[in-house]
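Student: So the protein lines, in turn, are chains A and B.
Note that the working numbering numbers the first sequence so that position 171 is 177, with each residue one more than the last.
Note that the working numbering numbers the second sequence so that position 15 is 170, with each residue one more than the last.
Hints are computed from structural coordinates only; laboratory data are not their basis.
Small disclaimer: the values here were computed from a predicted structure and weren't measured.
Ideal placement from N, C-alpha and C gives every residue a C-beta, glycine not left out.
Keep in mind that a hint or two might mislead.
Okay, derived cross-link-like pairs now, PhoX-like style, lysine-lysine, Cα gap no bigger than 25 Å in a straight line [what the hints assert, rightly or not]:
1) Lys-400/B with Lys-302/B
2) Lys-177/A with Lys-220/B
3) Lys-220/B with Lys-69/A
4) Lys-69/A with Lys-201/A
5) Lys-201/A with Lys-463/B
Simulated DEER-style distance windows between Cβ atoms [to be verified]:
6) Gly-255/B with Phe-158/A: 27 to 35 Å
7) Ala-237/B with Ser-337/A: 45 to 53 Å
8) Asp-342/B with Ala-141/A: 48 to 56 Å
9) Tyr-46/A with Gly-223/B: 36 to 44 Å
10) Ala-137/A with Asp-275/B: 41 to 49 Å
11) Asn-344/B with Ala-37/A: 55 to 63 Å
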Amino acid sequence: MSGNADDFEDVVNSAKPETVAAFEERKGFIARLQHTLHVYPALVPLFVLLASILLFGALLGSKFFSPFALTLILQQVQIVGIVAAAQSLVILTAGIDLSVGAIAVLSSVIMGQFTFRYGLPVEIAVLCGLAVGTAIGAVNGWLIAAMKLPPFIVTLGMWQIVLAANFLYSKNATIRSQDIQAEAPLLQLLGSTFKVGANADGRGGATFTIGVIVMIVIFAFLAYVMRHTAWGRHVYAVGDDPEAAQLSGVNVRGILISVYAVAGFICAIAGWALIGRIGSVSPTSGQLLNIESITAVVIGGISLFGGRGSIMGALFGALIVGVFTLGLRLSGADAQWTFLLIGTLIIGAVAVDQWIRKVSA
Amino acid sequence: MKKLLIGTTLAAITAAGSAVAGSHSGITACLITKTDTNPFFVKMREGAEAAAAEAGITLRSYAGKVDGDHETQVAAIETCIADGASGILLTASDTSSIVGAVTQARDAGLLVIALDTPLDPIDSADATFATDNFLAGELIGRWAAAKLGDDAANARIAMLDLAVSQPTVGVLRDQGFLQGFGIDLADPNVNGDEDDPRIVGNDVTQGNEEGGRRAMENLLAIDPSINVVYTINEPAAAGAYEALKSIGQESDVLIVSVDGGCPGIQNIADGVIGATAQQYPLRMAALGIQAIAAYAADGTLPENTPGKDFFDTGVALVTDQPVEGVESISVAEGTDLCWG
Chain A
7 MSGNADDFED
17 VVNSAKPETV
27 AAFEERKGFI
37 ARLQHTLHVY
47 PALVPLFVLL
57 ASILLFGALL
67 GSKFFSPFAL
77 TLILQQVQIV
87 GIVAAAQSLV
97 ILTAGIDLSV
107 GAIAVLSSVI
117 MGQFTFRYGL
127 PVEIAVLCGL
137 AVGTAIGAVN
147 GWLIAAMKLP
157 PFIVTLGMWQ
167 IVLAANFLYS
177 KNATIRSQDI
187 QAEAPLLQLL
197 GSTFKVGANA
207 DGRGGATFTI
217 GVIVMIVIFA
227 FLAYVMRHTA
237 WGRHVYAVGD
247 DPEAAQLSGV
257 NVRGILISVY
267 AVAGFICAIA
277 GWALIGRIGS
287 VSPTSGQLLN
297 IESITAVVIG
307 GISLFGGRGS
317 IMGALFGALI
327 VGVFTLGLRL
337 SGADAQWTFL
347 LIGTLIIGAV
357 AVDQWIRKVS
367 A
Chain B
156 MKKLLIGTTL
166 AAITAAGSAV
176 AGSHSGITAC
186 LITKTDTNPF
196 FVKMREGAEA
206 AAAEAGITLR
216 SYAGKVDGDH
226 ETQVAAIETC
236 IADGASGILL
246 TASDTSSIVG
256 AVTQARDAGL
266 LVIALDTPLD
276 PIDSADATFA
286 TDNFLAGELI
296 GRWAAAKLGD
306 DAANARIAML
316 DLAVSQPTVG
326 VLRDQGFLQG
336 FGIDLADPNV
346 NGDEDDPRIV
356 GNDVTQGNEE
366 GGRRAMENLL
376 AIDPSINVVY
386 TINEPAAAGA
396 YEALKSIGQE
406 SDVLIVSVDG
416 GCPGIQNIAD
426 GVIGATAQQY
436 PLRMAALGIQ
446 AIAAYAADGT
456 LPENTPGKDF
466 FDTGVALVTD
476 QPVEGVESIS
486 VAEGTDLCWG
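Throw the hints in and build the complete structure from the sequences for me.
Tutor: Here it is as structure tokens:
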């Protein structure tokens, strides 16, 4: 039995390489590269990330290439990173969410004000904040999926509404870090740090915060979900071609609403992490998160036309921005150079995306 | 109703506006702030409203959507001219670009007073009612130097400024601090051109917690031995404190700031900030309204504080650790006067 089976496979194996080799030879190196990038779109940002770390490491030496500085980058990108995870989901459906930053800030304000203004237990307040974020996201999704309004318009409106609600509700009052620490330390949970390899004075070494861990867990979890669950595949299908997805039995409306709701939930987590990062609850923070998250997603090689890109790309995109920001800062360059380079990266990333798209054409 | 003669083609609109305001003396004043969300401007509006009610003036308030929203401010000035207002109190987002609209208002017979933020050039407005930001910086600089005593010669200083574009207020406070600390300013109109080795570096904060933390982290990455931190305002100081706390260095560092908002004063009591220079937005606005009332009554123009090209609305150093040779008020007094 087994011998027969082996013979059978031998025939197949011996026949296969011939055709495949001929096929690949015809395509050449560039075409194969193009194909590889099409299959693994996060490779480009990963390469840019590693190259930029090596570049600044070579330029700045141990000042940059230290556990302290490298983990500092993680801390500095954690908020944008978490929001970029939410933004990636939305952009994969060929949508866009301009209200991400506003949702994050309002959620953080709700967590703070519910605790301090109404005296709710802090656990309940955090849950309320997460629930409000999810609900706003779901409303976005409903308007887009059921009312058929364009995502750009819906979230442009929601951005203004949520931000105004945030200022009206909070009266723009900051809740101080010291009050939070004394009465509701749970709000600052995602900001608590732990060190690896610090010296005797507790200085230097790699510093991590819970928020950084949360960011990495969110990305790892979403990467798994997007690749290995029906929901994840459906999100790609909806982004690629909603009509085809509908015809193949995907519940397009349900997928879209759930994507925006999940995005709202993740933004609310970002709001929680924001309290940890800045210590206080400040209604004026996070104003540029929508643009910064879209930047991270685009640099991360996720196509704005939907349906293609890897969620990990957004993490690499956020880290690239973080590496450039700190690297250029440490090398003493004018801060405008950071923006100039990031602008170049955005256009470069979209150009590469267009080129990769040709492989399927 | 005499004012109606000022307008020509705008007469009809003005009449409509004055009819609404008819319950008062007929004088209208405008307050145009950068935003209506920042507690500083909220307090400013409260001060203006109280003073306007007292003087029987109708106050109309306008604000940009965000700091830097220039277009909304221009539209507000145009609305005030059309409204037949007697005067405008303005905190400009874009101090040089707004000059065209301000000139238009002054040509139409309105008194324009720049509040808090001087226009560029400063004489584009009829008057400027503002904090002496250089003096504010100088006070905290002198305090920090006196507090350190002999160690001031070996200080490691972080300068947390406002924005890359170096707005006037950011430059005045920064340079004032350095002057007060005893550091050569090089060009006093530019931040960051000093070559004193005690300065570790300058970074920008956008005047908020997030920016304060990031800037502090960046400078700590350059030199972890920083022991004096100048901050543009108290939210930036709170952010810087979080960065120091995350590496366990918060107790070794002296943080100084400017503003005098209530959370900032509370942070002095809690030992987060060593000293801050407090400014008085409520007084600025109240004095501004009184100046417009006087101008509407008999054309009196406000006068500058002797020796300065603006009217100084005062600044006081708030600290619970007074030092010799620098006048200061206590945290309790600062709390009574704080805003936001």
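Student: Each hint should be assessed against the structure and marked as holding or not.
Tutor: Hint check:
Restraint check for Lys-400/B and Lys-302/B: satisfied, since their Cα atoms lie roughly 21 Å apart, inside the 25 Å limit. Using a Cα cut-off of 25 Å, the hinted pair Lys-177/A and Lys-220/B holds, with the two alpha carbons roughly 15 Å apart. The suggested pairing of Lys-220/B with Lys-69/A is violated, with an alpha-carbon distance near 40 Å, which exceeds 25 Å. Distance restraint check for Lys-69/A and Lys-201/A: the Cα-Cα separation of roughly 18 Å lies within the 25 Å cut-off, and the hinted pair is therefore satisfied.
The hinted pair formed by Lys-201/A and Lys-463/B fails the criterion: a straight-line CA distance of about 52 Å is larger than 25 Å. For Gly-255/B paired with Phe-158/A, a C-beta distance near 34 Å keeps the hint of 27 to 35 Å intact. Take Ala-237/B and Ser-337/A: their Cβ atoms lie about 52 Å apart, and the range 45 to 53 Å holds. The hinted range of 48 to 56 Å is satisfied by Asp-342/B and Ala-141/A, whose Cβ atoms lie roughly 53 Å apart.
Look at Tyr-46/A against Gly-223/B: about 41 Å separates their beta carbons, and that is inside 36 to 44 Å. At roughly 48 Å, the beta-carbon separation of Ala-137/A and Asp-275/B lies within the given 41 to 49 Å, and the hint holds. For the hinted restraint 55 to 63 Å between Asn-344/B and Ala-37/A, the CB-CB distance of approximately 58 Å keeps it satisfied.
Consistency note: the structure conflicts with the earlier hints numbered 3, 5.
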